[in-house]
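Chains as they are written, first to last, in our numbering: chain A, 771 to 1130; chain B, 7 to 331; chain C, 266 to 594.
Hint data in this document are derived by calculation from the structure and do not stem from the laboratory. As the structure is a computational prediction, the values presented were derived from the model and not from experiment. Even glycine gets a Cβ: it sits at the ideal position worked out from N, Cα and C. Heads up, a few of these hints could be off.
[What the hints assert, rightly or not] Mimicking DSBU-like on lysine-lysine, the simulated pairs with C-alpha atoms at most 35 Å apart in a straight line are:
#1 A:K921 - B:K277
#2 C:K483 - A:K810
#3 B:K150 - B:K91
[To be verified] Derived DEER-like restraints, expressed as beta-carbon distance ranges:
#4 B:K325 - C:W323: 53 to 61 Å
#5 A:G871 - C:P330: 50 to 58 Å
#6 B:P147 - A:E1087: 20 to 28 Å
[Unchecked claim] Stretch-level coverage of chain A by chain B, calculated; a stretch enters the list once three of its residues show a Cβ under 8 Å from a Cβ in chain B:
#7 964 to 976
#8 995 to 1004
#9 1048 to 1060
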Amino acid sequence: MPELTKEIADAHPTPTAEPILEVRGLVKHFPLTQGILFKKQIGAVKAVDGVDFDLGAGETLGIVGESGCGKSTVAKLLVNLEQPTAGEIRYKGEDITKLSGRALKAVRRNIQMVFQDPYTSLNPRMTVGDIIGEPYEIHPEVAPKGSRRQKVQELLDVVGLNPEYINRYPHQFSGGQRQRIGIARGLALRPEIIVADEPVSALDVSVQAQVVNLLEKLQDEFGLSYVFIAHDLSIVRHISDRVGVMYLGRLVEIGSDREIYDHPTHPYTQALLSAVPVPDPDARLHRERIILSGDVPSPANPPSGCRFRTRCWKAQERCELEVPELAVPAVFRLEGGPTAHPSACHFAEEKQVVPESDES
Amino acid sequence: MLLEVRDLQVEFRTRDGVAKAVNGVTYEVDAGETLAVLGESGSGKSVTAQAIMGILDMPPGKITGGEILFQGKDLLKMKEDERRKVRGAEMAMIFQDALSSLNPVLSVGDQLGEMFIVHRGMSKKDARAKSIELMDRVRIPAAKERVSQYPHQFSGGMRQRIMIAMALALEPALIIADEPTTALDVTVQAQVMDLLAELQRELNMGLILITHDLGVVADVADKIAVMYAGRIVERAPVHDIYKAPAHPYTKGLLESIPRLDQKGQELYAIKGLPPNLMAIPPGCAFNPRCPRAQDVCRTDVPPLAQVSEDRQSACHFWKETLRDA
Amino acid sequence: MPEAYDPKDVAKDAIAPTGAGGAMDLAMSEAETLEKNPGGPLGTGPQEKARSLWTDAWHQLRRNPVFIISSLLILFLIVISLWPSLIASGDPNSCQLSKAHESATSGHPFGYDAQGCDVYTRTVYGARASIAVGICATLGVAILGSLMGGLAGFFGGWWDGLLSRLADVFFAIPVILGGLVFLSVVVSSTIWPVVGFMILLGWPQISRIARGAVITAKQNDYVQAARALGASNSRMLLRHVAPNAIAPVIVVATIALGTYIALEATLSYLGVGLRPPTVSWGIDISNASQYIRNYPHELLWPAGALSITVLAFIMLGDAVRDALDPKLR
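One chain only, chain A, in its complex shape (with noise of 0.2 Å):
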């Protein structure tokens, strides 16, 4: 294991702060088709709508918002299982998206996934040591033959769990130890940038924590950069150096985790922010809670202007006509400090809705 850390550690220098994946514009949308054999469009599902973000070598990027926001499909454009309809994803500044045959199996080894579910992301007919050298196999010239059983065990170990186990099949395994396993894949080709989807939601309560330990434990490692997933806000926010709020396709806040949770100036954010549970009985007397009114609109037919505004306490006529940029809201652009964040509303004004936190 030592051996692997060190050649790991050493291709990847000292974090930087320049962004090592810059997305710009992307775009995905799902054609809707009537007819069987003769297709015709009737409409699209407008999964992802002019998304824009960068990726810091070694920072973690999360990415929060509710079923249907188009965080999945984003994670799944990154790694390039769906094909954006626009837009770029810049991985150390060249454009993945028009990539193809063995340039873009190059790029592929350099971002990887792990997946949701840890019982539909293991091949049930293939033993754990199949699973972990599927990469080698798929990419022979990472690590010749004779070497990958050792390298499959030495990968188990980094995730913590017993190298001798390479011959059993997942079945064997509980939850928690299958996603070990697919951490341990997604490890396998060193890659740079990890890309994963809500990687401990179908985990026990108990079992979460060890998860989200392990995946810090292997950034500091290996000098991971990390897209982290997830509808869990308390998760996302402790492991994220920076925070995405997505809507309807469209990321309407981001920033530092200080300035999203303690400082948010998006309506949505806000409400979101409000709407989780807080264990601490206390706090149910004093807390003031956004409920919104209504549910998300289909993302076939997404409202004009602001999609928020259909459930939005503040919008106006405005709302309706213009689209708001994401970018640093003009009133507090002159005064800075934590408020100073790129937030997509015309009438964004702070609200403090979390407890504030000590360091604030």
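Got chain A sorted already, so can you dock chains B and C onto it with the hints?
Quick look at chains B and C alone, frame taken from chain A:
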């Protein structure tokens, strides 16, 4: 007391052996009170609820001991047709997955109305009027128009409201909600929990809320029963437990929630895994994962010790645990 | 993770971790990582046998009496169809008209038929044609059907549309009518026209099953995971999709084997299946049916042998399904 569960025991006989899902559970709920049953998968919290409702699959399930007193009568001694009258009318259940709990080929109006036709002998027309009234009550907009729509035409939050409407239809004395908001988004979850709490107050019902979410519990519960490996490990009023847990498992759960001042540090994690129900460790079931375990924990099952008047803990070292908290 | 309601799920969640005798000891939090030792705290080490779906299924089959009875029966049928002389010494086509309709005598326990042939010998020799037709037709149907269904399911879209409609066309042809028309123009004394006809009409059944199974398997995250690693289509299909989609195909094919044997007899009875001098239960049943009032024994033996054979394969299929069906596991 509205409902008293006394020393309930449930087993599942499977091909691979006997799984002891519930091993002596005792709790009670009064009218107008909310009891939260907290536990991980396999803790037996849902199985207990199914036994109370009488919807446990038997076989492979088997109730091997204990009693369930509902308004003073033991449900387990009732005949099946007597129990059927209690179910739905006197006690109702809300499930986690509203989509699979609703029949996809019947309109929601038909499904709501059926309750009144079967239990109250109402005419079809009256039942429909009642259905619309119920949908209004759970705040489904345009109830009159939507009453003849089918479940798939409603969103997740709306479907859960329909489930609540069905459960409330006959104004039961007791509602059991099994992870009612787990499948919903946070903003919708808040709407549904608020609605449930409000209706409970209005109708003075007893509510058993089964969940694994410590946040939801803190928001709505009056008292908590924490379950682990088919046993109650701690019972207490909600404020006491969050202030100072008297069982190491409860303490571990509370500490594993990420806190603001822990940012950048390792999260507290309970080591190991929940036990296999076919081979529950001897002594205290939590002992292999417990930081406080001593020899006595490996040999003797800890009884539910009285911590204070309305509080119990099944730990040999509850005093020490409480003192450290 | 939400708690399971389903007792089977309770069993799965709570029991599965130790399915192999203690995966619990695999559990290691960071604190424990240091103290793990190769043998495992409970002594479940590398000797521990890995259990794949197939070893599990085999383990279960071995204990199923239905499987044991049906497979012994099938084994016996296969042996006598390969070496019929083991239990029947005569020649099935050496007949003496003088002995027509004679009843059982010593050495000829089933008596003689209208042509004066020994019914026992003919019944034993008849197994060969039935088993050969059944196995060849099933193999052909399984290969063609899973190929077509697999491709349709995996690639989807235009491919799927074309192959599925093609399957519908063949599915729509009535078997008996098709047999009467198609087989009456082919004159051959081998089994191949009958086998070919069965494959032609039978593949859509397997193709539909295979297509569904492939679509289900394809949606699993592990296929996505392989794709994210850069795996090729053939790798995903052969390594990830096919092994997870093959079980239902095997189950349906085993059950279908019995019905193909019955179909061969039906076609032979109608005079368009196998033809003399091939010995077949269908032909014998057809001949004997004319004399059913006076000499029922001539019908009883080939018909009984046919029924038992069909039943054996259907029972085997049932047992295999019980062992492979993930919903029952």
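Against the structure, the hints come out as follows:
no. : hint                         : in the structure
1   : A:K921 - B:K277              : holds, 26 Å
2   : C:K483 - A:K810              : holds, 25 Å
3   : B:K150 - B:K91               : holds, 29 Å
4   : B:K325 - C:W323: 53 to 61 Å  : holds, 55 Å
5   : A:G871 - C:P330: 50 to 58 Å  : holds, 56 Å
6   : B:P147 - A:E1087: 20 to 28 Å : holds, 23 Å
7   : 964 to 976                   : holds (count 3)
8   : 995 to 1004                  : holds (count 3)
9   : 1048 to 1060                 : holds (count 8)
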